[in-house]
Every structure is written in structure tokens, then in C-alpha cells.
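Protein chains: 2
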Amino acid sequence: METLDAIRKRCSLKGHLSKRPVEREKVDIILEAARAAPSARNLQPWRFVVVRDEQTIDELASIAFTEPNRVVREGAVVIFICAREEDDVTREGKPYYLFDAGLAVENLLLAATDLGLVTHPILSFDETEARRILEIPGEYRVVLATPLSYPAEPSYDEAASARLNERIRKDLREITFYEKWGK
Amino acid sequence: METLDAIRKRCSLKGHLSKRPVEREKVDIILEAARAAPSARNLQPWRFVVVRDEQTIDELASIAFTEPNRVVREGAVVIFICAREEDDVTREGKPYYLFDAGLAVENLLLAATDLGLVTHPILSFDETEARRILEIPGEYRVVLATPLSYPAEPSYDEAASARLNERIRKDLREITFYEKWGK
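Protein chains in written order, with the numbering used here: chain Z, 20 to 202; chain H, 20 to 202.
Next comes chain Z alone, as it looks inside the complex (with noise of 0.2 Å):
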């Protein structure tokens, strides 16, 4: 898919999502995606938790997540996104690795879009109990996850075309200025 296609088209479908198995080249296609973000001083603070594992994704969804979100349920994979402040640059109250996590997440999410796969960025958990079940050490944060799917429809474009449909964006006007701040 091309990319501003595939930048376009990413969109949160947690509604969509299909318990067919993802491959798990397609899996480290897009990881390899994600780690291929810039970061500050090339620090690549990310870390990926894969679960796969219907058990493991079924008591998460029970314990460190609340409805909506517990539709994570309905996930073949839930990847979650951690990364340590101590392991990036903190510049001036600024801690650079959310930052630096958002860059690699935005990979992830256009590779499964490419993939024709769909994703549903949550950042609403309880951190410790996802951490206590995934045995994440205290230090590292969760900073995301996502469900990663085939879609329930046959296709990409048919599980988004609707919520594409009904995309709310500020005006261009709105976020842009030109020389000044404000112009």
C-alpha cells in the first residue's frame, strides 16, 4: 500500500477485530517496522509484549481492562508498549521516551494497516495488573496496548470505511502557522 494510503487509512477498529491467527512473520514485520523509528540519540527505549496466548489475553481483558476496552477479548494478538524514562533523555520536565515510544507505535500501526491487519491504540488500563500479569519489572511503563487482527470483514477497507466516514480532525488552519506562532 502507498504510504500516505496507509497513513490515511489507519484508523482504531478495536470494533472489527477477528480471531483468525496472525502469522507470525507478518508479526515481526511489523515489530521490524516499529524498530526501525528514530529515537532520541538512537536510545530505542521500546519494548513489545506479544500475547497470543487466549488465556493470557482473556485474563487481561477481565483484570486490567474495563468495558469498553475489554473487547481486547476479541484480539488474536494484543501487543503492549513499554519503555523505561532511565533508558531515554529527559530534557527540561520532557521525557522522551513517550515521545519516542509514539514514533515506533505509529510504525506499528501503518505496517498492520499495510498488512490489511487492524489495531485499537488503548492507553485506559490498570498498568500494575498488566504488569503483574505479563511479569513486567516494576521500572518499565505500559505505555500502550492494541489488539492486532485480520479484520471481521473480508477486507481492510471494508471494517474502516465507515469509521473514515465519520473522521474528526482540527482544521489544518488550526494547527499550522507560518514564521510565527499564531500567522
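Derived by calculation from the structure, the hints in this document are not laboratory data. Fair warning: there could be bad hints in the mix.
Same chains, same label: a pair holds when it works inside one copy or across any pair of copies.
[Said to hold, decoys possible] No more than 30 Å apart at the CA atoms, straight line, and that leaves these computed lysine-lysine pairs for DSS-like:
1. K28 - K45
2. K28 - K38
3. K202 - K189
4. K38 - K199
5. K38 - K202
6. K45 - K189
7. K45 - K33
8. K199 - K45
9. K33 - K202
10. K199 - K33
11. K202 - K45
12. K189 - K199
Assemble the complex: chain Z is given as a structure, and chain H must be docked to it using the hints.
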């Protein structure tokens, strides 16, 4: 360009900037790509200041940057990405304005790559001076700056090949676990 190619080819190329003007249409495509990123509760905390004025770029390079990042002076355009913590979610000490800015910036970098333009994300600058010169309100944080230029070489691939050959990333096995941390 195919999505996975853009992800693989995107790299930081501050040594390869030309002053050839970048068309406004291309800047718009790149900002549209950034705008399409997801964000917590769709809050879209990102703001962009696009600097094309030669004198402003010179002033910024001299005052807000130090070597080797003064090379932004060679950019045809320099884009500053800003965001406010209060415009986004903060969960258990994780300010998601930085994460969401990362999602948008990766789209921006990939769209530039797709169009054959070079970028180089820089987080090391005097934020107070950048804010003063660009008249950015005090509560907005300047998260990142990147020059945006046509490559000095005839094509993006020629500009990027040496850099991509020396790319260093952690092994996928070092950053990925299956089912539980450490596995």
C-alpha cells in the same frame, strides 16, 4: 512509495539538506499526514510552526541551536512541533501529549520520505529562545524541530544510502517478548 519502504528508508539526514524551495503543496501533504495520526481521546494536542523565512531560520540557528544542530540553517524549511500537557491525558505520571506528538511526527517524517524530502529530528535546542523567536505561548512545549528539504543529492536514495547502510538497531529478540516479559 510503499509504506514498508518508507518506514525502512526514513532516516535522519541533516548532512544532506538543500535550499531548493519546498512547494507549499508538499508541506501541506506532510502536515495532513501528521494530522491523521491517532491521539488519546482524539485530543490532537499537536501544533506546527513552519519556518521558511531565511532570516528567521538564521536567527534560530544562531541563538536557539548549537553545533552540530546549527545545520538547521541549511534547511529550506524548519518545522517546530509543539504541544501542551493540559491538552492531553496524563495517566499515572505519563503525559500523553509527548506520546501523541510522537505519533504525529512519525507520520510527518514518513510522508516527507515518501515525497523524496529529507528530515532530521532534533530535540536538543534552547526551548526558551525558540519560543521567544517564534512567539510560542509559554504553556506550549516545543517538543521537536526538524529541517525539511530536498536532498542535496539528485535523489532521496542517493542521499540516504550510506546512512542506511550504517543503521544500528537493537536485535528484535532483545526488544520483543512473547506471552510474558523475558520470553
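Comparing the hints with the structure gives:
1. K28 - K45: both (19 Å within a copy, 19 Å between copies)
2. K28 - K38: within (22 Å within a copy, 33 Å between copies)
3. K202 - K189: Within one copy only: 16 Å inside, 42 Å across.
4. K38 - K199: The answer is between: 20 Å across copies meets 30 Å, while 50 Å in one copy does not.
5. K38 - K202: This pair counts as between: shortest inter-copy Cα distance 23 Å, intra-copy 49 Å.
6. K45 - K189: Answer is between; shortest inter-copy Cα gap is 19 Å, intra-copy 33 Å.
7. K45 - K33: within (19 Å within a copy, 33 Å between copies)
8. K199 - K45: Only across copies: K199 and K45 sit 20 Å apart there, 44 Å inside one copy, limit 30 Å.
9. K33 - K202: Between copies only: 27 Å across, 38 Å inside.
10. K199 - K33: Close across copies (23 Å), not inside one copy (39 Å); limit 30 Å.
11. K202 - K45: between (44 Å within a copy, 19 Å between copies)
12. K189 - K199: within (19 Å within a copy, 39 Å between copies)
Consistency with the previously given hints is maintained throughout, with no hint failing.
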